[in-house]
Amino acid sequence: LVGSAPTRSPLGIRVNPQIGGGSIGATSTATETSKFGVALRDEGAREWVVRAYAERPWLTRLHAHTGSQGIPLALLVRGVAETFALAEEINARVGRRQIDTLDIGGGLPVNFAGEATTPTYARYARLLAEQVPELRAGRYGLVTEFGRSLLAKHGTVVARVEYAKRSGGRRIAVTHAGVQVATRTVYAPGAWPLRLAAYDAEGRPKPGPEVVQDVAGPACFSGDLLAEGRALPPLEQGDYAAALDTGAYYFAHHYAYNSLARPGIYGFVPDGAGGVAFATVREPQTVAEVVAESGGAHASALTALHAPERR
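Basically the numbering used here = 1-based index in the sequence shown + 5.
Bear in mind the hints are in silico, worked out from the structure with no lab data behind them. Please note: incorrect hints may appear among the correct ones.
For each label pair, taking beta carbons as the anchor points, the in silico distance ranges come out as [to be verified]:
id	residue 1	residue 2	range
1	THR38	GLU233	49 to 55 Å
2	HIS259	PRO11	37 to 43 Å
3	SER227	SER9	51 to 57 Å
4	LEU16	PRO77	27 to 33 Å
5	ALA304	PRO212	49 to 55 Å
6	SER299	ALA90	33 to 39 Å
7	SER299	GLY100	56 to 62 Å
8	TYR271	CYS225	26 to 32 Å
9	GLU37	GLY213	47 to 53 Å
10	GLY208	VAL286	45 to 51 Å
11	ARG165	TYR126	51 to 57 Å
12	TYR271	THR308	37 to 43 Å
13	VAL55	GLY25	20 to 26 Å
14	ASP47	ALA134	30 to 36 Å
Virtual Cβ for every residue (Gly too), placed ideally from N, Cα, C.
Put together the whole structure using the sequences plus the hints.
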């Protein structure tokens, strides 16, 4: 493509330093067998990358991303160090400052266990300065891909309690939020737990002693749980359960199980007069939209489809 038409877009190669994974395998992208990037430790791969840059002077960037949630800072820093070293090697081999920008990915983990923002960007920057001091020399531009760490603590999923019950001595609050908005939490609760808060029907924090209860979603399988055996003030019909720290992927990973509609998303700020101003970010999905998305216009397609008659 680049050979067939001029381009001003910056281009580069993503590499995999193969330095290992974190506590969540599914979000670890620098493992030995990761699907991402050129595996630098495979036989001949590093030399292939160097040669690719030498033969293509329009390759001016180098990219590596060690992983997302569950990656310790030390491993993130090591991934950046490996990328920096490769850029230096390539520029030395080609005899010019060809690579001018490093994309060091994102991956700063989020503390889903409490209110504190940890680790911080400042801590990450200090570790980079200590372990890869030449990164600050100004020879390379830096691109980052932070997402979850920017947004997670700025969003909350609020779900009304449809009803509350007891089963086998356990309290269960059935809400309108479950696997359709918290897919990772429901299917892998050990890796993606969420903090929950309880509010009454007027939106006030619920007081009173905590009791062990399950907070369930609306989908038609028993494992659709936002939390299992969680100590919270007792949730009753009409109350609200708030899933905290859900400002990132939880708004994007809608799962259309049971034709559950995508919820609306609303932004809010203090209005300066003791109240709150709201703005619609995404409209709630309507039933008509669910039907259309599910193929409503083709409802009779299969019944009208006939195989040729056999002779």
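* To do: Report the numbers of all earlier hints that the structure fails to satisfy, in ascending order.
  => 1, 6, 10, 11
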